[in-house]
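> Listed below, chain by chain, are the residues.
4 protein chains.
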Amino acid sequence: MAPPPDPNPHRRIGYLGPAGTFTEQALFTQADLASAELVALDSIPEVLAATADGRIDAGFVPIENAIEGTVTDTQDGLAFGVELIIQREVVIPVQLHLLGLPGTTVAGVTQVMSHPHALGQCRGFLERNLPDATLEATNSTADAARLVADVADPTTAAIATGRAAELYGLDLLATDIEDHPDNATRFVLVAPRLVAPPTGHDKTSVVIYQRADTPGSLLGILQEFAVRAVNLTRLESRPTRRGLGDYCFLVDLEGHISDDVVADALRSVKANQQDVKFLGSYPAAGETGPTRRAEVDAARQDANAWMDDLLGRVRD
Amino acid sequence: MAPPPDPNPHRRIGYLGPAGTFTEQALFTQADLASAELVALDSIPEVLAATADGRIDAGFVPIENAIEGTVTDTQDGLAFGVELIIQREVVIPVQLHLLGLPGTTVAGVTQVMSHPHALGQCRGFLERNLPDATLEATNSTADAARLVADVADPTTAAIATGRAAELYGLDLLATDIEDHPDNATRFVLVAPRLVAPPTGHDKTSVVIYQRADTPGSLLGILQEFAVRAVNLTRLESRPTRRGLGDYCFLVDLEGHISDDVVADALRSVKANQQDVKFLGSYPAAGETGPTRRAEVDAARQDANAWMDDLLGRVRD
Amino acid sequence: MAPPPDPNPHRRIGYLGPAGTFTEQALFTQADLASAELVALDSIPEVLAATADGRIDAGFVPIENAIEGTVTDTQDGLAFGVELIIQREVVIPVQLHLLGLPGTTVAGVTQVMSHPHALGQCRGFLERNLPDATLEATNSTADAARLVADVADPTTAAIATGRAAELYGLDLLATDIEDHPDNATRFVLVAPRLVAPPTGHDKTSVVIYQRADTPGSLLGILQEFAVRAVNLTRLESRPTRRGLGDYCFLVDLEGHISDDVVADALRSVKANQQDVKFLGSYPAAGETGPTRRAEVDAARQDANAWMDDLLGRVRD
Amino acid sequence: MAPPPDPNPHRRIGYLGPAGTFTEQALFTQADLASAELVALDSIPEVLAATADGRIDAGFVPIENAIEGTVTDTQDGLAFGVELIIQREVVIPVQLHLLGLPGTTVAGVTQVMSHPHALGQCRGFLERNLPDATLEATNSTADAARLVADVADPTTAAIATGRAAELYGLDLLATDIEDHPDNATRFVLVAPRLVAPPTGHDKTSVVIYQRADTPGSLLGILQEFAVRAVNLTRLESRPTRRGLGDYCFLVDLEGHISDDVVADALRSVKANQQDVKFLGSYPAAGETGPTRRAEVDAARQDANAWMDDLLGRVRD
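Protein chains in written order, with the working numbering: chain A, 1 to 316; chain B, 1 to 316; chain C, 1 to 316; chain D, 1 to 316.
Each hint should be verified, as a subset may be incorrect.
One copy or two, either will do: identical chains are not told apart, so a pair holds if it fits within one copy or between any two.
[Unchecked claim] Below are the DMTMM-like pairs computed for lysine to aspartate or glutamate, each with C-alpha atoms no more than 20 angstroms apart in a straight line:
(1) K203 to D53
(2) K203 to E236
(3) K277 to E37
(4) K203 to D150
(5) K277 to D132
(6) K277 to E236
(7) K277 to D316
(8) K203 to D264
(9) K203 to D42
(10) K277 to D42
(11) K203 to D179
(12) K203 to E83
(13) K277 to D302
What the hints contain is simulated information worked out from the structure, not anything from laboratory work.
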């Protein structure tokens with residue numbers, strides 16, 4: 001029943017390209033992933049589809065508060081589209097820089113290119129330093145850098161990553177120009193079917209489809225977790241792509257499905273709600289510890305033993 | 001579905017005596033118990049102790065809203081004292097009569113004897129019909145009938161059961177004289193260790209010791225049952241005999257511990273609260289059906305299969 | 001903070017007699033009540049009825065875990081019968097003694113008289129010291145003392161209070177003979193209509209009639225209190241005297257109806273449940289402090305001011 | 001205290017431009033707003049800032065699932081930035097068309113321009129019909145139409161609204177090409193301070209900052225609404241722009257703050273949580289009726305009268 005050990009399960013990884021984006025930068029923070037064969041793809045749906053049909057072994061895409069492309073694509077793709085399991089999450093700080101041809105100065109810039117989200121996240125910097133510059137949308141931050149390099153016009157600059165500066169031979173005219181310096185982006189590695197093993201410090205993501213849009217439905221869902229002391233780290237009601245009025249809930253919770261309390265809670269939600277889609281149990285980014293969970297599990301094991309004894313005493 | 005043949009597990013049954021009380025009357029409504037060897041004992045603690053140490057095979061005592069003796073003795077005995085399991089519950093209506101020597105009339109009665117609770121439950125009748133009679137406490141309703149028969153004085157009457165009239169050769173001077181004609185008493189059959197098999201229409205009794213007397217502690221307990229759609233039929237916070245401020249909860253719920261949802265809920269409460277004492281799963285008196293439980297169980301089985309599949313996909 | 005001067009509102013107080021019971025002893029712990037005209041009445045229903053129709057100004061009766069008479073009479077009388085408001089609660093420890101004629105010794109006792117509850121609470125003492133004595137029920141512990149004095153037989157003893165020994169000239173043959181030395185009894189002073197002023201350390205008692213016997217109904221009730229951080233000190237589901245299956249909840253909670261959060265919670269329960277009967281807000285016995293409530297109230301006042309400002313901004 | 005009647009409160013309305021976007025199209029569905037002086041502004045933050053400092057009387061911006069620009073700007077601007085009140089919501093279906101110069105055919109198109117979100121929403125159409133076309137990002141859908149008209153190249157098309165086709169003299173090459181034909185966008189009208197009057201069919205939006213990231217915190221918030229039968233139509237946990245781990249909740253609920261139950265719930269949440277920011281009570285788009293609310297309100301009024309009577313009976 002147990003899958004065999006796999007020394008290198010993800011030999012070929014597709015990611016949201018092009019090279020030089022935050023997604024590639026996040027991928028490079030993971031030594032084992034960085035050493036795989038990396039394939040830059042054009043869009044998040046393409047990464048998800050290629051992973052689902054086996055053209056690549058795993059996909060790497062932004063999922064929350066990202067700069068490149070819309071993360072709704074990832075979230076809705078996993079929730080409503082493909083059958084993929086999140087294997088890992090990676091969180092990196094958002095660091096945006098103003099890039100230009102060597103020799104360019106900030107003062108000389110009259111046009112700034114970037115993905116609309118990146119332009120939006122540097123609005124404060126632009127208003128203070130380049131109030132008269134025209135802003136030009138591009139498909140990604142890396143595309144902006146590429147265009148600046150191609151156009152070879154010192155009055156044009158890009159907002160992009162440090163990696164893009166390297167790739168396209170651009171200078172950093174100004175660094176860390178984003179309005180919210182402690183902003184971060186969360187990425188996920190997805191692959192078919194298999195679930196990552198528990199590490200003692202895991203996260204589980206599910207989509208819960210509610211039985212009906214009645215008061216107390218969500219409350220009932222949350223109680224399932226609260227009574228078992230399972231902490232939620234994210235909750236979002238979301239239209240199910242059938243118009244604005246039909247909701248499901250995207251939920252991230254602390255723990256792994258191989259934890260008794262998590263499995264119990266999900267079994268119970270599955271039984272009581274219309275449906276639950278499991279998106280994965282995987283190591284949580286960051287370093288908070290599993291101490292309390294161990295205590296809870298000890299109490300659960302005592303309780304299981306107690307109930308087993310009682311059940312063994314039921315007369316035939 | 002039918003309970004399996006039982007080679008008479010309870011050959012010797014102790015009950016709260018003496019003969020002629022409501023307890024004996026309730027015992028006689030159960031054909032299999034009535035055919036056992038019946039032993040009248042002096043007090044509820046004596047019945048419980050004799051059952052616990054094996055002098056008798058089972059004990060039969062009132063537990064809720066009873067006439068004879070204090071039912072706190074049963075409840076607290078099971079909750080805090082002996083280790084016994086409720087095997088069955090029996091509910092009978094409370095019917096109290098005025099009993100006297102043959103030839104006595106109500107108008108001639110100047111003294112009425114009974115257990116103080118029975119006197120209290122007929123207060124309305126006594127005020128209307130015998131406002132000047134003196135009231136005399138006895139240890140049980142049956143004792144009152146015995147005393148009336150012994151004293152042989154036509155101005156003395158007893159409030160007791162029809163069975164006591166038979167036993168002591170007394171007449172029914174007035175029947176059904178209790179103030180609340182739809183009152184009822186609940187009795188339980190208790191025995192060591194074994195749990196009654198599920199019938200599809202069961203009740204489970206537990207005592208839950210809360211972790212601390214904080215707001216929300218009871219709420220947490222109730223949520224365990226509510227999220228699993230387990231209905232409570234009785235709930236009572238109760239001092240744990242260590243003064244007035246230290247509480248536990250006496251809970252009766254619908255279902256048997258061999259129902260998944262009941263076992264799950266109790267496991268979870270056991271793990272999260274200070275302790276749970278199991279008092280028994282047993283056929284519920286009355287006739288409401290198990291239909292909805294079947295639907296719930298089907299949904300649970302689907303959910304269990306879903307989770308089993310997921311757990312089988314966790315990598316080593 | 002100090003309760004305002006009260007020109008003796010309760011000049012004539014009825015209590016559950018006879019003299020010499022725990023009820024009288026509890027009454028004597030309250031200086032202002034002890035100086036009123038005290039009237040011993042025969043039963044709890046009589047005390048409640050006399051208070052309701054104005055024959056006495058207030059009634060004093062046991063309500064929880066009492067020795068004399070059944071406390072169900074008090075609880076059900078207040079919940080389902082008369083319209084009276086609890087003005088005060090008094091808690092005293094249960095101390096039972098063995099009383100006999102001067103010169104009697106424990107070893108010489110062959111018959112013990114008392115209220116059945118008192119006999120039950122001293123079962124351990126009786127089994128160890130007087131295993132062969134016959135036990136005789138009386139209407140109250142004080143009645144037992146009176147009978148011992150009347151019969152004047154040195155082989156007969158009573159289980160009763162120290163006050164009864166004084167009243168009837170009996171000796172204390174053995175003191176503090178109850179099995180649970182930290183047992184206590186709670187009494188209440190009841191009067192029509194008016195509610196006791198808040199002292200900062202109060203309790204409120206209500207009866208909540210649930211809308212239907214559905215899972216979650218009680219949960220909904222408790223949430224009303226939990227969301228407002230109102231602590232419950234007692235909760236009991238209870239048949240509404242219309243048979244065993246129709247329940248209401250007896251609830252004691254911390255706080256006074258003049259506390260915003262308590263009033264809000266009760267308004268909301270009243271609106272959402274079938275009915276609520278208010279039994280009183282009154283100073284709590286014991287000494288836990290009102291500190292946290294003050295913080296909560298400050299937060300509520302800020303919230304009220306915030307909402308008032310918002311409501312003032314609604315356009316016509 | 002009541003604000004004076006205002007016959008035309010919003011004479012000058014700023015909206016997210018340029019002309020020809022969905023935002024303008026939504027604005028035109030509201031006769032009273034369409035007749036105001038309309039000012040197209042460059043970005044959502046600019047609309048919000050201009051409304052807050054009085055340069056315009058009201059602002060009109062997309063808030064949920066929109067095409068033009070990121071709606072995070074609206075949501076986070078209202079939640080964490082400016083002090084503005086939502087006055088109205090407008091929901092219109094998303095209808096995207098392929099626009100080209102007169103005479104252009106779909107088959108001849110080699111480049112498609114639009115806002116990245118619009119390109120994403122038509123991915124299916126593009127893959128089926130124009131798999132080889134290059135995709136070019138623009139700042140808005142209207143900008144794409146403008147660029148197509150400026151460039152005057154029949155191989156270039158825009159994905160934009162019908163209104164943009166009119167504005168820029170373009171043909172509809174293909175209509176309703178979005179992948180999810182029942183998709184819709186929600187817009188809001190915002191203005192300072194004043195709150196829209198209740199209509200009996202309203203919605204209220206708030207941001208709730210939780211006291212701590214503990215299990216049960218959100219549960220407590222939801223209970224406040226559930227116990228008062230206030231239905232939530234949207235709930236989203238959201239980082240408070242101080243990194244990924246610090247959350248607040250964006251909540252839309254049914255009802256107006258001038259409804260007792262809504263005001264009560266918000267008062268209570270405000271008192272118990274770290275903070276609540278009120279974003280507005282306003283007429284709900286769509287046509288579901290207020291019947292049940294009327295019943296609830298009647299029950300509340302009875303409960304209020306009951307509590308007023310009790311409070312009037314508290315002694316001084």
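> Give a verdict on every hint.
Against the structure, the hints:
{"no.": "1", "hint": "K203 to D53", "in the structure": "neither (26 angstroms within a copy, 44 angstroms between copies)"}
{"no.": "2", "hint": "K203 to E236", "in the structure": "both (16 angstroms within a copy, 19 angstroms between copies)"}
{"no.": "3", "hint": "K277 to E37", "in the structure": "neither (30 angstroms within a copy, 48 angstroms between copies)"}
{"no.": "4", "hint": "K203 to D150", "in the structure": "neither (43 angstroms within a copy, 51 angstroms between copies)"}
{"no.": "5", "hint": "K277 to D132", "in the structure": "neither (48 angstroms within a copy, 35 angstroms between copies)"}
{"no.": "6", "hint": "K277 to E236", "in the structure": "both (15 angstroms within a copy, 19 angstroms between copies)"}
{"no.": "7", "hint": "K277 to D316", "in the structure": "neither (38 angstroms within a copy, 22 angstroms between copies)"}
{"no.": "8", "hint": "K203 to D264", "in the structure": "within (15 angstroms within a copy, 23 angstroms between copies)"}
{"no.": "9", "hint": "K203 to D42", "in the structure": "neither (29 angstroms within a copy, 40 angstroms between copies)"}
{"no.": "10", "hint": "K277 to D42", "in the structure": "neither (27 angstroms within a copy, 40 angstroms between copies)"}
{"no.": "11", "hint": "K203 to D179", "in the structure": "neither (29 angstroms within a copy, 32 angstroms between copies)"}
{"no.": "12", "hint": "K203 to E83", "in the structure": "within (18 angstroms within a copy, 36 angstroms between copies)"}
{"no.": "13", "hint": "K277 to D302", "in the structure": "between (30 angstroms within a copy, 14 angstroms between copies)"}
Hint compliance for this structure: hints 1, 3, 4, 5, 7, 9, 10 and 11 are not met, and every other hint is.
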